Structure formats: structure tokens, C-alpha cells
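Colleague: Next come the chains, spelled out residue by residue.
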Amino acid sequence: MAVGKLTFTKAEREKLAEFLWLLNWISVLTGAILFGLGLFLKVEIQKRQEVMLEQGILYVPHMLITTGLVACAINFLGGKICLDCTDTNKFLRWKMVMMPYVVCTLVFTACVLAGAVMCYSISSQLEEALFLGLRNAMRYYKDTDTPGRCYLKKTLDLLQIQFQCCGNSGYRDWFQVQWVSSRYLDMNNSSVRDRLRSNVDRKYLMDGVPFSCCSTASPRPCIQQRLSDRSAHFNFDRQSQQLNLWRRGCRSALMEHYTQILQSIGLTVLLIWLFELLVLTGVRYLQTAMENVIRLGDPDSESEGWILENSLAETARSNFNIIKNLGKCYQGDDDDPNINIPSAATERELPSRCAHIPETS
Amino acid sequence: MLLKIKFSQQRRVHLAQGLWLLSWMAVMWGVIIFCLGVYLKTELLRRAEVMDNTEIHVVPNILMMVGLASIGTNWVASRACQDSLDATRFPRWKVFLLAWFAVAAVLCCLLIAVVVLSYALQGSLEESLKVGLRNGIRFYKDTDVPGRCFQKETIDRLQMEFRCCGNSNFKDWFEVQWVNNRYLDFTSKDVKDRIRSNVDGRYLLDGVPFSCCNPASPRPCLQLQLTDNSAHYNYEYQSEELNLYSRGCRQALTDYFMELMNSTGPGVLSVVLIQLSVCLSLRYLQTAVEGAMALEDPEGDSEGYLLEKGVKETIEDLKANALKMLKFGQVDPNAAEGSSEAADAEKAEKTASPTPAS
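Protein chains in written order, with this note's numbering: chain A, 1 to 361; chain B, 362 to 719.
Honestly, the hints are just simulated from the structure, not real lab data.
Predicted, not measured: the structure shown is a model, and the values here were computed from it.
Be aware that a few hints might be false.
[Said to hold, decoys possible] Looking from chain A toward chain B, a few residues come up when the C-beta cut is under 7 Å (computed):
| hint | residue |
| --- | --- |
| 1 | Tyr140 |
| 2 | Asp143 |
| 3 | Thr144 |
| 4 | Asp157 |
| 5 | Leu158 |
| 6 | Val180 |
| 7 | Phe211 |
| 8 | Thr216 |
| 9 | Pro221 |
| 10 | Asn235 |
| 11 | Cys329 |
[Stated by the list, open to error] Which residues of chain B face chain A? A partial, calculated answer using Cβ under 10 Å:
| hint | residue |
| --- | --- |
| 12 | Ala481 |
| 13 | Phe500 |
| 14 | Lys502 |
| 15 | Asn541 |
| 16 | Pro576 |
| 17 | Arg580 |
| 18 | Asn595 |
Just so it is clear, CB atoms sit at the ideal spot from N, CA and C, and this is done for glycine as well.
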């Protein structure tokens, strides 16, 4: 009992083939869109690579890019095949290719779905990467004379200004790193020496933040130093404190930015997947209908098309048996004396059984 | 005749088709010019808070007007050349086309005027920015005064976006009080000294707001006590270049707007060229088709020209026509007076002549 059986007249087959030709060309376009989306995501991630420890996030855009290219290629071929399916004679050319083509389409449709799911699932990995990247950037903020790290100050300042954020989780993260380079510290000054001695690692820690944390919405000129001591500044009330610096941490600001991008890309990829599923179903029906026409011998007659010839359970069982027997085929030539040497009759049967099995799919 | 060209029926048809395509291209360019005008206007409006007057707005206004007018004009031209090959419909375009040529000439002149204006108004733009920025810096501290409370945020964002500081340079901040009195402790000695140090009793510092800080500087930003070398370790006021933005905001904004307007220059000039070619082609088409309609065989060869007579004669003809139209109201009374005077003179002669005889 077949799954999803439908009957097709000659006219219906031709219409289906033409319709699928059009859908395949639209699929080439959606494949290009997929490629473009993957490229865009890759560029966006690499733009902020200085504050992101990679940790393999790039496999998502790479997956989208390869799937997009494969989609374009397969659907281009599919367009040609479907166009030829309108004529039974031309279809004979493609008879051997049809099954592999359907299998490939199934595989890459699954890849598209995997890509969409990945877009939604990498957020925890992304957060981890941003946390570590920002922590390193803040640690190396002062190293403007070390090659390889000299751009981190400018990068972090511009990031904080653009995303209106300060520090990793908040502005207090700056209190725990030395962000003033030792070149600009007067070691003869007693207050500097006191600060250096006040902690184990001899770091110059202060309760101050860089200028890029300053909020433009504050009504008073920015207060950057001695932030923990409210009495050190005149009229520094609660409200002034709230408005003085950017309240958000850069990690959550960047997460929000990337989550928006990933969600919209994920939604688009899901829609593309649904479309591809439609194309796959149509192609499967066309393949089975054309094969049945050839089997019946009369090109003008009605034929049946289906998704699976037998029910799901039977198809699974028969495929499993194929794989088992293929394995047995390869072991049949062993010269192990412990195995019963088969008689001539069974020997003749075995190879023919191995040869028959692929035809029943 | 000026610049005669012979046109066969085939050539007339090709000319009409080519002109139709050209006029639709001109419509597209008109749309582009309109969009350029809109973009320029929005950019100017975005920075309206630091500009004192709106003289410079004449450039985008003219661009938008000309864009719309050229869309309409060239659409009319395309309709005219669609009708040109139909002998029954073309004659009613005759008077209309004269008006069309006048309008097209005006449009070309306006476009050239825009290009000239965009260079000529640079001085006015700089003046406007100078006054606007000076006010912005003066009212920077007035975040509690309605009508001026936005100046701090505007100036801060402007300095960060355009990477500039102050009006001509960062020293402009030394001359204004940019810290509000609400945040000054008037019991502190330092504050009292500073206020007493100048005539107007203002709290002046040798410091700048945080938005002047340059992120490319290798050291954390130094904002206060800038002229005092001893206040900061390893710091020299004269040679420190990267600490703050060195450009003034007036210069930065002027450069930005001049670049924007100059980039529209090539677009505008190409529109002028296209409009002129549409004009010329339409004139040739008009004269060729009219010539063909006047022949016995409308499918035969005809001549197309730009002007029927030479340039000087055409100008004199136009002058005479214009004068005639102006004097149209006065011609009849003069003629009537003249004829009655002549009749009186005749009568006087007649009465005079018999007397010697009698």
C-alpha cells in the first residue's frame, strides 16, 4: 500500500513537469539568497572578531554558504530534468539520474533545515564567546604599544560609543582591570605607589572608567573618576548617577544585536526549507509517475505517482535488508574453511539475488 | 535655415522612436535628480540645530523642483513624439511645443544655476555654521533651560560623529563656561578663584567635554588641565596631537556638505546634456514632420532645421513680435488719429487750393 498515491493523466504529468521547472528556477534564486545570507552573517561575525573568541561559531555561516551553492547547482540540474520530463522520450536519458537526484535533494533539504535550527541554537555559544572576548579586550585595553593588541583600545572605545554600552556586564568591570598603561603612571608619586601596593598583582586599579563609557544623555559633564565615592562630586545624586554613564553591558548589547540578525536569518531559512520541501514532493511524484509510464509501455496512458511504494515500515525494512545483504555480498568470497562451501546452485543464486535487490526501491 | 538635415520617412520614424526612448531616460534622470534633492535636504535638516540660517537650502529646493518639472516636461515630450507620426494628431501640438521649448530652456538654466550656487554658497554655509556652533557651545551647559536643553546632546553627538572639537578647534571650549552652575560647589576655593579671574564671573577652565576625546590616542583621554604640563605625567601640551580631535566642527561639517553637493555635480550636468539633446531632437522632429505634412506626398523626403532663418533674423523677428503684442492695445487709436489727421490735412489742402483760384 503506497504512501500518498495519486493518478496522473498525460496532460497532468506535462503540467506538473512545467510547474516544477518554474519552481526549480525559483529555487535557484532562493539558493542564491541562502548564499547571500550566509555571507552576510560571516561578515557580521568577522567585523567584531576582536571582541569575540571564535570558538567555532563560523560553522553556521559556512553551512549556509555551502548549502546555498549546492542548492543552486542541484536546482539548476533539476530545472533541466523537469523540462525534459514533459516528453517521455527525453525522460529516458535521465532515467538513471532521477533517483540519485531525488536523494540529493532530500539530503540538501535536510541540510537547509539543520542550518535554520543552528541559527537559533548558537546563542549560548555566542554569549560565551563574547564574554571571553570582551574580557580579553578590557585586559589588553592598555597595551597600545604591544603589536597585535595595539588596536584593542580604539576598537573597544568605538564599540562602547556605537552600542552605547560600558564594560562586560556593567561599568564596574573596569574597576577590576588596569586600563591605564604603566608608561603614563608616575612611579615616583606616592598615591600611585599606594594603589599598586594595595593589591596582590600590583595592578593600578581605580574606580574610574574610560571616556567612551560616558552617556550623551547626561545633563551634567561626564564624571569618569572616583565613581564609588558619591561625596567626591558636588550634587552627584542618584539620578545624576543613573544618567552619567551607559548602564548596559557590552555583552548584552552585542547579544541583542546578533540575536536580531540570527532570528531574521533563521526565519528566512525556514521559509526556504518549506519551499524546498514542496519542490522535493513534486519532483518525487514526477519521478514515480514517469517511471510507471515507462513500465506500462504506453506513453499516453494514465500512471500513478507516489511518495513511497510501500508503507513506511515496509520501506524501512526493505532498505535495512538491502544494506545487510550488501554487506553479505562483500563477505561471500572469503576462503574461510569454517564456512560451509556453498553448492553450485546456491552460488548461482547468490549473485543474482544481490543484483536484483536495487530494483525494488 | 540653420543646420538643415534631410529626413526620409524611414529616418523620421527612427528619430521619433529614438526620441521616445531618450525622453523616458530623461524622465528617469529627473526622478534621480529629485531623489538627490530630497537626500540633500534631509541631511541639511538633520543638522539644522547647528546652523543659523537656511540660505543653503535653496540648492536642494531647486533640485527637487527641477526634478519634478523635468519629469513632467519629458513625459510631455514622449507623448508629442508618439503623436508626431500621426498626421491628424500632430498639428494641435504646434503652439504647445513653443511653450515646451521655453520651459526646457528655463530648466537647463536652473540646473546650471544650481551647480554654480553650490559653489557660491560655501561662504554663506560656513558663516551659518560658525554662528550656529558658537551658540551651541555657549548653551552647552543649559540642560535645564527649555528650548536649549538638547544642545549638550546635539553637540556631543556631533563631535563624536564628525570627529571634531569646538568651532575652529578645541581652544573654543576654553572661552565658554560649559559646566552648569548647579554642579559647581561655590564654597570651594578653586571655584571661587576661577570665577573671580574673569570680568563676567564665568567658570572658565582649560578643559574640554568628553566628546572631544580621540579613541585613536594610545593613552587614556586627558580632558582637564590641558595647558598645564605638570598636571599629567609624560605630557606636553604643544606636542600632544592624538589626545583630542584636532579638526574644528565648522571645517568638518563644511567639508561634508561640500562633498555631498559636489558629488551631485556630474549627475546634474548629465541631466543638462540629456535635456538639450531631447530639445534638439524634438525640434528636428517637429520641423521635419511639419515639412512632410506640407508636401503633396506625406511619405516623401522633407527637411528638418533648427531655425527657419538665421540667428540674428530670428531674434529680430521675435523682438518685433514681442513689441507688436505689447503695442497691440495702442496700435488702433494711433492709426485712427493718423487717418483723421490725414483727412483734416487733405480737407485743409482742398479748402486752401480753391481760394487762390477764386
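Colleague: Take the hints in turn and mark each one as holding or not.
Modeller: Going down the list of hints, with the structure as the test:
no.	hint	result
1	Tyr140	13 Å, violated
2	Asp143	10 Å, violated
3	Thr144	4 Å, holds
4	Asp157	4 Å, holds
5	Leu158	5 Å, holds
6	Val180	5 Å, holds
7	Phe211	4 Å, holds
8	Thr216	4 Å, holds
9	Pro221	5 Å, holds
10	Asn235	6 Å, holds
11	Cys329	69 Å, violated
12	Ala481	36 Å, violated
13	Phe500	13 Å, violated
14	Lys502	8 Å, holds
15	Asn541	7 Å, holds
16	Pro576	4 Å, holds
17	Arg580	5 Å, holds
18	Asn595	6 Å, holds
The structure fails hints 1, 2, 11, 12 and 13 (numbered hints given earlier, in ascending order).
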